[in-house]
Every structure is written in structure tokens, then in C-alpha cells.
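Build the full structure now, drawing on both the sequences and the hints.
What follows is the residue order along each chain.
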Amino acid sequence: MRARSPWILPLSLLAALLLALLPVPPQLQGLRPYWLALVLAYWVMEEPDRVGLGFAFLIGLAADLVVGSVLGEQALRLVVITFILQRFRARLRFFPMSQQALAIGALLLNDRIVTMAVRVTLGEPVQASLAWVSPLLGMLLWIPVFMLLDGLRMGGWRRR
Amino acid sequence: MPSYAGPSASRSGDIADTLRLLAYLAMAVVLIVLDHRGGWLSLVRQQAQVLTQPVRAVAGLPGRVVETVSNDAGTLSQLTAENRRLRNELLVTHARMARLATVNADNARLRGLLGASEQGSLDVQLAPVLDIDLDPTRQRLVLRAGSNNGVHTGQTVIDAGGVVGQIIEVGPLQSTVLLLTDPDHAMPVAIARNGVRLVAYGTGRADQLALASVPLSSDVKVGDILVTSGLGGRFAAGFPVGTITALRPDESRAFLVGDVKPAAQLDRGRDVLLLRTLPARPVIGPAAPGTVASAPVAGSATPPTVATQPGGAPKSSGTGPASASAAKVPHPAVPAATTPTKAADAAAKREPAPAPPTPEEHR
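Order-wise, the sequence lines are chains A and B.
So this note's numbering is basically just the index in the first sequence, starting at one, shifted up by 13.
So this note's numbering is basically just the index in the second sequence, starting at one, shifted up by 24.
Worth flagging that the hints you see were computed from the coordinates, not collected in a lab.
Every residue gets a Cβ at the ideal spot worked out from N, C-alpha and C, and that includes glycine.
There could be a bad hint or two in this list.
What the hints assert, rightly or not - Okay, derived cross-link-like pairs now, SDA-like style, lysine to any residue, Cα gap no bigger than 25 Å in a straight line: (1) K285(B) <-> G136(A); (2) K285(B) <-> V37(A); (3) K285(B) <-> P138(A); (4) K285(B) <-> L143(A); (5) K285(B) <-> V139(A); (6) K245(B) <-> H209(B); (7) K245(B) <-> F279(B); (8) K285(B) <-> P38(A); (9) K285(B) <-> R229(B); (10) K285(B) <-> R217(B); (11) K285(B) <-> E137(A); (12) K285(B) <-> Q40(A); (13) K285(B) <-> L41(A); (14) K285(B) <-> A270(B); (15) K285(B) <-> G43(A); (16) K285(B) <-> A141(A); (17) K285(B) <-> D295(B); (18) K285(B) <-> Q140(A); (19) K285(B) <-> L158(B); (20) K285(B) <-> P273(B); (21) K245(B) <-> A234(B); (22) K285(B) <-> S142(A); (23) K285(B) <-> P264(B); (24) K245(B) <-> R217(B); (25) K285(B) <-> P39(A); (26) K285(B) <-> P36(A); (27) K285(B) <-> D183(B); (28) K245(B) <-> S276(B); (29) K285(B) <-> Q42(A).
To be verified - Just some of the chain B residues that point at chain A, by a computed CB distance under 7 Å: (30) L45; (31) D59; (32) L65; (33) A72; (34) V79; (35) G87; (36) I156; (37) D159.
Listed below in C-alpha cells is the structure:
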């Protein structure tokens, strides 16, 4: 069953990109959840035939350009996330919400490790220790994000 | 595709997926290496500004709205208080300016006497900072001014405190500033006190710069103020960079490394100044050898200028021992006629950087 509102996908990704740029106090910068991964995870799980590895790669490149990180870093991170999600998609979809959130938290934690590995390899400064809390925040945000996107998508479909 | 988990997932599909993953990972790694090593992708970044500029502009909107609202919604008392504060600051600044104007005039006169080139006045352009967060580990700022406003790559960015960084990317409406605290950034600096030249490296932290490979013998102290030296021609000379907050020996114990607190406020949400042209100033060179050389010479060889000194000097030498005033250069010149080594000692105390100068060295 395809969603009837194809604009939700690009719009939600754009919103995630904007959230990544939104200014927050410098002390809290490490806490910023990886919005793009959350939104992308939703689409990988709900619309696997539209959103795959290539899509994740391109979105990551766009994010790298916009946020100004090393070109390819976020592409790599998002490709890893997408791949893991695709592997466990069938199981994850039947998890209750709380367990899904836990899995997303683990995924984001893995993403932090990947990021740190990339940064250390390049000799770039690693993020503040506060950044290790951000997967937790992402985990807590998974349910609202899922509900919101699902509501938007399904709402559009139901209204038809 | 079955929506339940089962062992029936085809092997070949798995392998194909893994291969695709590896292909994308390899592409990402190649991009990362290209971007990080050669910086060969700056052209891509330049082209991609078509995409990034609108997104960044939209992301900067909330900050602008907040600013506008807080400006508009300021209460009378707030505005009055701010007005008073600004008035006071203006008064103080004007007083300083007036004093500086006389110093400037003096300077110009002396330069005229020396036949040195006139230094150009500061030609700057105000540019607002776009209120967005970039990758926090990379020290960058986005300015809401681009090539349409005459911004070009390589311009020095300063604020009221000192140097902020330099422009590295210019789009039509926005430009990117590489802050001097970025780990990729290094700038030639000189100690304002004695002109010892150093290089200040970015650390990736907004509140810290690093000095590396400072010779143990050089005259560098905690609390010294660093200014741009103008070497390399990228930065104009004489702008404050920061203050040395710590010095310690490095692993080899042959050099010092130091921490520097930047003079500029390196956060977003303010306005910065762009230098339009590099003022044609002389490079701040090593003043140290010059002054050290002149001090003993003035003491031992007694050139004609010293002859004018004794008229005023006996007053001080009558009140106290000559060594008490050893800190000032002109005074030791008087007793120095008898004890030239004392002047040399004093000079060496002032400038411990080079080896204690002997008259033979400075012949």
C-alpha cells in the first residue's frame, strides 16, 4: 500500500536537515539528536522500495554539504544505518514501540562509534563527551517522530 | 517480499546487498579521503552552494526572527538601560579614540621623519553572521554576505576583539569563514611585546589556540599578547590574536607548547568586520635583536645620543643606586660608562631570549 502523499518524504528530510542546522546554545550542541537518521530510519522501515542504500548515500552527501562536515562522512554513517535497518526491518516492524525505540537507540549509539572511528582515522577532533548522550535523546524521540510521520503519511492516505 | 522474519531470505540477495553496501562504503571513504587530504572537492562545494545556500538561509530564519522579536519587544527600561550602557561605552571609546588620534598623528610625523611608508587606514565592511550551527567539530561560520556584497576568498575577518578567521568559500549571498580555532588553521603571529615570531594553530575548541615548537630560549611568557605578524601576506599585520594562558615543555623537552585564548569572540549571532584591503603595513619583525644590540652599544660605545642623557640622569643616580633603575634603558647608560657589563646584564634580563650579548657580538 503506497502512501498517497509523496511530498512527505522530501519534506520530512528537509525538515531534518534544517533541524541539524538550527542554532542551539554551544554547551548543548553535543546533545543534538541525529534527526536525519531518525527520519531516514522511518522511511527505510516503512517504504523500503523507495528508500534504500543509494538514497541514503545521496541524502548523506547533501547533509555533508549543508552542514559542512567532511564530504562523505554522513553519507557513510547513513549508509551503515540503512543497511542495518534493512537487515532487521522485518523483525523491527513487529516489535512494540518501546523495543523499536531501544533498537533505534542502539543503532544511533553504533553510529556514534562509526563517527568516532572516522574522526580518529582522519585525525580530526572527536565530538564532546556529551555527544554520547545524544543517542539516548534520539531513542526518546523515536516514538514521537514515528507517530508524527506515520500520522502525516497515513492521514494523507485516509483523507483520500 | 515477505513481511515476517524467516530463515528463507535468499542467500544471493544477502550477498548482493552486502556488495552494494561495500560499494557505497567504498565511495564514501574515497570521498572522505579526497575531501580531507587534497581538498580537491572545493569545486564541488562551490557548485553545491546552489543547494546549500537556500537551506542555510531557511535554517537561519529562526535566529533572525528571534533577534527581530527581541529587538522589537524590548521594554522601555531594557532599552533605556542598554542605551545608557552604549552611551557610556561610546564615551569611553571616544576618549580612547581621541588619545589614539594624537598617537596616530605622532606616529605619522615620526614615519615622515623616517621616510617610512604611510600605513593605510582600516577599510572594513560589516557582515552579519548567519545564525546556524554547522558541524561543531569544525570551526566555521557562515556570513550573510557574499560575492554580491564584494566578499572574496582570503579576506581577513575581524571583530572588536581581534582576528576571527578568513573567508574560504564565497557564494552569491553567503560566505564561509574558517575560524582561526579550526584544526586546519594556522596563522603567523608575533608577540606584541618583543616581536618574537610564532605560529598559532587551531585546536578545534572555540576558546583555545595552540602554540607549538616554541624554542626554549625565546622570550615567551604567560600573559603575552599575540598579534598577527603579517608574514605570508594572508593576514594584515598588527591585529590582536590572543593571550598566552599557559606554557609547558613538550614531550621532547626541547621546545615549549602553549595555550592561547583568542582575543575575538568566536561564536555566532553577531556581526563581524571584513577587511577590504590589506593595509600596507610593515611586517612585525623580530624587534628583539635590534633592541638588545642597541642597549649595550649605548652603554659601552657611548654614541652621541647618550651624551645628552647625563644632564638629567644624575638626579636619579643621586637618589638611588644605578641598578635600581636598570629596568629602563636610558638610565643605566650613565653609570654604564664605568660598568658596561651591568647594562648588558640589564638588557639580558629584559631580553633573555638570545645569548647574553657581548660587545664583540655587536661590533
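Outcome of the hint check:
Between the alpha carbons of K285(B) and G136(A) the distance comes to roughly 23 Å, so the proposed pair stays at or under 25 Å and holds. Distance check on the hinted pair: K285(B) and V37(A) sit about 23 Å apart at the alpha-carbon level, within 25 Å; holds. Distance restraint check for K285(B) and P138(A): the Cα-Cα separation of roughly 18 Å lies within the 25 Å cut-off, and the hinted pair is therefore satisfied. In summary, the hint linking K285(B) to L143(A) is supported, as the alpha carbons are separated by about 23 Å, within the 25 Å threshold.
Restraint check for K285(B) and V139(A): the C-alpha separation of about 21 Å stays at or below 25 Å, so the hint holds. With a C-alpha separation of about 23 Å, the suggested pairing of K245(B) with H209(B) holds against the 25 Å cut-off. For the hint linking K245(B) to F279(B), the alpha-carbon distance of about 14 Å falls within 25 Å, and the restraint holds. For a cut-off of 25 Å, the pair hint linking K285(B) to P38(A) stands: about 20 Å separates their Cα positions.
Of the pairs offered as hints, the one joining K285(B) and R229(B) holds, with about 10 Å between alpha carbons and a cut-off of 25 Å not exceeded. Of the supplied pair hints, the one linking K285(B) and R217(B) holds, its CA atoms being roughly 17 Å apart against a limit of 25 Å. The straight-line distance between the Cα atoms of K285(B) and E137(A) is roughly 21 Å, inside the 25 Å bound, and the hint therefore holds. With a C-alpha separation of about 18 Å, the suggested pair K285(B) and Q40(A) falls inside the 25 Å cut-off, and the hint holds.
Annotation: proposed proximity of K285(B) to L41(A) holds, straight-line Cα distance about 22 Å (limit 25 Å). For the given pair, K285(B) sits about 9 Å from A270(B) by alpha-carbon distance, which is consistent with the 25 Å threshold. Annotation: proposed proximity of K285(B) to G43(A) holds, straight-line Cα distance about 22 Å (limit 25 Å). Between K285(B) and A141(A), the direct Cα distance comes to roughly 19 Å. Compliance with the 25 Å bound is thereby established for this hinted pair.
As the CA atoms of K285(B) and D295(B) are separated by approximately 20 Å, the hinted pair is consistent with the 25 Å bound. Taking the CA atoms of K285(B) and Q140(A), the gap is about 20 Å. The hint holds against a cut of 25 Å. As the CA atoms of K285(B) and L158(B) are separated by approximately 22 Å, the hinted pair is consistent with the 25 Å bound. For the proposed pair K285(B) and P273(B), the alpha carbon gap of about 18 Å is at most 25 Å, so the pair holds.
For the hint linking K245(B) to A234(B), the alpha-carbon distance of about 14 Å falls within 25 Å, and the restraint holds. Using a Cα cut-off of 25 Å, the hinted pair K285(B) and S142(A) holds, with the two alpha carbons roughly 22 Å apart. In summary, the hint linking K285(B) to P264(B) is supported, as the alpha carbons are separated by about 11 Å, within the 25 Å threshold. With a C-alpha separation of about 10 Å, the suggested pairing of K245(B) with R217(B) holds against the 25 Å cut-off.
Taking the CA atoms of K285(B) and P39(A), the gap is about 17 Å. The hint holds against a cut of 25 Å. Restraint check for K285(B) and P36(A): the C-alpha separation of about 24 Å stays at or below 25 Å, so the hint holds. As the CA atoms of K285(B) and D183(B) are separated by approximately 15 Å, the hinted pair is consistent with the 25 Å bound. For the hint pairing K245(B) with S276(B), the CA-to-CA distance comes to about 20 Å; that is within 25 Å, so the pair holds.
Pair hint K285(B) plus Q42(A) holds up; C-alpha atoms about 21 Å apart against a cutoff of 25 Å. Because the closest C-beta pair between L45(B) and chain A is about 5 Å apart, less than 7 Å, the hint holds. With 7 Å as the threshold, the beta carbon of D59(B) comes within range of chain A, its nearest partner Cβ sitting at about 4 Å, so the hint holds. Among the interface hints, the one on L65(B) holds; its C-beta lies about 5 Å from the nearest C-beta in chain A, closer than the 7 Å criterion.
Checking A72(B) against chain A: minimum C-beta separation of about 4 Å stays under 7 Å; hint holds. A least Cβ separation of about 5 Å between V79(B) and chain A falls short of the 7 Å threshold, and the interface hint therefore holds. Evaluation of the G87(B) hint against chain A yields a held restraint, the C-beta minimum of about 5 Å falling below 7 Å. Below 7 Å, beta-carbon pairs count as interface contacts, and I156(B) has one with chain A at about 4 Å; its hint therefore holds.
The interface hint given for D159(B) is met, as the beta carbon of that residue sits about 4 Å from the closest beta carbon of chain A, less than 7 Å.
Hint compliance for this structure: no hint is broken.
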